[in-house]
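If you want the building blocks of each chain, they are given just below.
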Amino acid sequence: MKKIDRELRVMLLDGLGGPMSRRGFIKRAGAAGLLLGASGFFAACGGGDETGTTAAGDSTVSTAEELSKELFFYNWSDYIAEDTLPNFEKEYGVKVVYDNYSSNDTLLAKLQSGATGYDIIVPTDYMVTTMLGLDMLLPLDLDNIPNLVNLYPRFREAPFDPGNKYTVPWQWGTTGIGYNSETVPDFKPSWDMLWDENYKGKITMLTEIRDVFAVALIKLGYSPNTRDTKEIEEAKQLLIQQKPLLKHYTSDTYIDELASNDTWLAHGYSGDVFQAQLENEVVLYSVPEEGAITWLDSMAIPKGAPHKYTAEFFMNYIHQPEVAAAITNYVYYASPNEKAEEFIDPEILSDPQIYPPQEVMDKLAWIEELGKDTELYNQAYAELKAA
Amino acid sequence: MTSLESPAAPPQSSAIAIEKPGLLSRLVGRLRGHPFAAANLLLLPTMAWLVLFLMLPLLVILVYSFGSRGTYGDVVLGFSFANYVKAFSPLWLPTILRSFGFAALATILCLAMGYPLAYFIALHGGRKKSVYLILVMLPFWTSYLIRTYSWIVILRSQGVVNTVLQSLHIIDDPLNILNTPYSVILGLTYGFLPFMTLPLYASLERLDKSLIEASWDLGANRFWTLLKVTIPLSLPGIIAGTLLTFIPAVGDFVTPDLLGGPDTQMIGNVIQSQFLSARDWSYGSALSFSLMAILLVSIYLYVRRMGSEDLV
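In order, the protein sequences belong to chains A and B.
In this text, residue positions in the first sequence follow the numbering used here: the first is 1, and each later residue adds one.
In this text, residue positions in the second sequence follow the numbering used here: the first is 1, and each later residue adds one.
With the rest of the complex left out, here is chain A (with noise of 0.2 Å):
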């Protein structure tokens, strides 16, 4: 439902008066042409199909291993370089089949409910907790991965894959505030925006219940993964003070409401507000200085995979330097790969917004799976919803 919802999103809001740039546009154009160029590709390699095992099987590939002919992969969409694929299966003849969805819970409920038969899928952080937890996740043979060592080495020791076990990182970012340059003019790196009486009716927050309560206690200066039952209440009565000054909780309209003036100040998600500002410039992103949470995105490869060599060899391929650059380069997200700097457009390394500089790093945190005090949150959420 929620991909239907984005595409919704284009066709109406945009469609019928929405304002829309021509960078906007390109994108667009891309992510259609992308669509359009990869079935393309899957038709001509259905044709050639010798010439795809013939590749496999060069001696350029030196592999301990054969690589499957196809190999399914499970992403979120608008998430890959319009090249990704396409180059991959030219270089070694496997064919990817690329099915998208937009919600971690998507992916869960469709794997949960007998969905088999995915390669590679890209759980966010707490989710893979939730897999593991749930025993979903096949172990990864680190020594076909041998281009982990390009990544920065905080997401090597990940809380919740330290080493790598299972999953490999695929893009990051963060949840701060996406606001409009010219109507918040006052305008403070701080979540106390978020606040402020100034801007009643014009605020937004995000639905999910982990990443609303994290902001109440990082402004509270308490950790956002604390099993306090005292804090955890405290941060519920600062988020029913807010509550008449918001227009509604909402984790996808807002960008639509950012780009057209509706929503001036936004709780949101790095790369949904950069989607925000192709079509209104004044939008604009923080990471508040009180601190914020970071997310990770990562590759892993499902109970039942049918080709979990070549999924483990695509991750690889996918964190040479270049091919992990291309990617950031095309979406816009941060790369977990360090080596890629030197191929990442200079514009985008040095964009605080999407690579926020060191002291701001240090005051990211991760939303940490926690089991059964899960409940304390849904509960005050309940509670909070309810007031």
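No lab work stands behind these hints, which were simulated from the structure alone.
Careful, some of the hints might be misleading.
Unchecked claim - Here are the in silico distance ranges between beta carbons for each label pair:
id : chain 1 : residue 1 : chain 2 : residue 2 : range
1  : B       : N40       : A       : K243      : 51 to 61 Å
2  : A       : P189      : B       : L52       : 49 to 59 Å
3  : B       : M292      : A       : P244      : 26 to 36 Å
4  : B       : I170      : A       : N198      : 49 to 59 Å
5  : B       : I154      : A       : E383      : 28 to 38 Å
6  : B       : I170      : A       : E281      : 25 to 35 Å
7  : B       : L168      : A       : E342      : 54 to 64 Å
8  : A       : S113      : B       : K209      : 53 to 63 Å
9  : B       : N176      : A       : S181      : 20 to 30 Å
10 : B       : I154      : A       : D345      : 34 to 44 Å
11 : B       : H169      : A       : S350      : 41 to 51 Å
As the list claims (entries may be wrong) - Below, simulated DMTMM-like cross-link-like pairs (lysine to aspartate or glutamate); rule was C-alpha separation at most 25 Å, straight line:
id : chain 1 : residue 1 : chain 2 : residue 2
12 : A       : K200      : B       : D208
13 : A       : K110      : B       : D74
14 : A       : K243      : B       : D173
15 : B       : K86       : A       : E290
16 : B       : K86       : A       : D228
17 : A       : K243      : B       : D263
18 : B       : K86       : A       : E65
19 : A       : K308      : A       : E65
20 : B       : K86       : A       : E359
21 : A       : K165      : B       : D74
22 : A       : K200      : B       : D172
23 : A       : K372      : B       : D74
24 : A       : K219      : B       : D263
25 : A       : K372      : A       : E341
26 : A       : K236      : B       : D172
27 : A       : K303      : B       : E205
28 : B       : K86       : A       : D373
29 : B       : K86       : A       : D192
30 : A       : K219      : A       : E368
31 : B       : K86       : A       : E383
32 : A       : K363      : A       : D211
33 : B       : K86       : A       : E375
34 : A       : K200      : B       : D217
Owing to the predicted nature of the structure, the values given are computational and were not obtained by experimental measurement.
The beta carbon of each residue, even a glycine, is placed where N, CA and C say it ideally should be.
Chain B: place on chain A using the hints.
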């Protein structure tokens, strides 16, 4: 292909329930003389559909509702009433009252707009009757989601309504309609209007026109004829229409999600968030069942009061 025919079956069966005297008697009449088995055989696809896609899922939800949330959001089966205790806690009272209030207001608005419309089409539609009916049903050809999104475009601060009003200098500052209770009630009314209009039309269409003429002949004016003859005779349509509007409106979550604000949460949103963001399927199931129970009781009371028990 049973499964292909089946999607049409439930609306058909509900239509039978609504137009009891008409459609059902005609159907029975047509089957008269055939062995009784033929009727049963015809019902088979519908029954299979109901068992497979209504009874079984309900059973699953019922079983889940007595379980609890596992550490990672899985369902741990068990037998505990804890979820029902939570579901009936005073926490949700305002939300449930709001859901019933919004749905009731939307139903009243639908009746107020749907009745004249249905009356006009049924009694004065003439040869264009089917054109009007198609116009009523036309919105169904587009997804509900798209139609609700369109209201965002219409209502937002730089939307159609505000732009027009501002350019005519009727208002200076844009009206804040979107993300308020008003926009939610508007969305519900808009979305469910055809559910009200069609059963009203069905019962007004079947109405014996000579009774209206008789009422005039006997000296009643148009107003009293409407009040004493037309409305009472179309009561089955009114009851069916209000139920068809009210029940889905109470449980709706798309409209308050898209058009609502921070304080327009309806019970459907609570259930949805238990299934998706909180991933507590057991609690969500218990909430669903509780809502169904509350609805069944209120419908029973309503229909009894309206004096047509044979509808339930």
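A quick look at each hint next to the structure:
no.: 1; hint: B:N40 <-> A:K243: 51 to 61 Å; result: holds, 56 Å
no.: 2; hint: A:P189 <-> B:L52: 49 to 59 Å; result: holds, 55 Å
no.: 3; hint: B:M292 <-> A:P244: 26 to 36 Å; result: holds, 33 Å
no.: 4; hint: B:I170 <-> A:N198: 49 to 59 Å; result: violated, 27 Å
no.: 5; hint: B:I154 <-> A:E383: 28 to 38 Å; result: holds, 34 Å
no.: 6; hint: B:I170 <-> A:E281: 25 to 35 Å; result: holds, 32 Å
no.: 7; hint: B:L168 <-> A:E342: 54 to 64 Å; result: holds, 59 Å
no.: 8; hint: A:S113 <-> B:K209: 53 to 63 Å; result: holds, 54 Å
no.: 9; hint: B:N176 <-> A:S181: 20 to 30 Å; result: holds, 23 Å
no.: 10; hint: B:I154 <-> A:D345: 34 to 44 Å; result: holds, 40 Å
no.: 11; hint: B:H169 <-> A:S350: 41 to 51 Å; result: holds, 48 Å
no.: 12; hint: A:K200 <-> B:D208; result: violated, 57 Å
no.: 13; hint: A:K110 <-> B:D74; result: holds, 14 Å
no.: 14; hint: A:K243 <-> B:D173; result: holds, 23 Å
no.: 15; hint: B:K86 <-> A:E290; result: violated, 36 Å
no.: 16; hint: B:K86 <-> A:D228; result: holds, 22 Å
no.: 17; hint: A:K243 <-> B:D263; result: holds, 8 Å
no.: 18; hint: B:K86 <-> A:E65; result: violated, 55 Å
no.: 19; hint: A:K308 <-> A:E65; result: holds, 11 Å
no.: 20; hint: B:K86 <-> A:E359; result: violated, 44 Å
no.: 21; hint: A:K165 <-> B:D74; result: holds, 23 Å
no.: 22; hint: A:K200 <-> B:D172; result: holds, 19 Å
no.: 23; hint: A:K372 <-> B:D74; result: holds, 11 Å
no.: 24; hint: A:K219 <-> B:D263; result: holds, 23 Å
no.: 25; hint: A:K372 <-> A:E341; result: violated, 40 Å
no.: 26; hint: A:K236 <-> B:D172; result: violated, 37 Å
no.: 27; hint: A:K303 <-> B:E205; result: violated, 60 Å
no.: 28; hint: B:K86 <-> A:D373; result: holds, 17 Å
no.: 29; hint: B:K86 <-> A:D192; result: violated, 34 Å
no.: 30; hint: A:K219 <-> A:E368; result: holds, 18 Å
no.: 31; hint: B:K86 <-> A:E383; result: holds, 12 Å
no.: 32; hint: A:K363 <-> A:D211; result: holds, 16 Å
no.: 33; hint: B:K86 <-> A:E375; result: holds, 13 Å
no.: 34; hint: A:K200 <-> B:D217; result: violated, 62 Å
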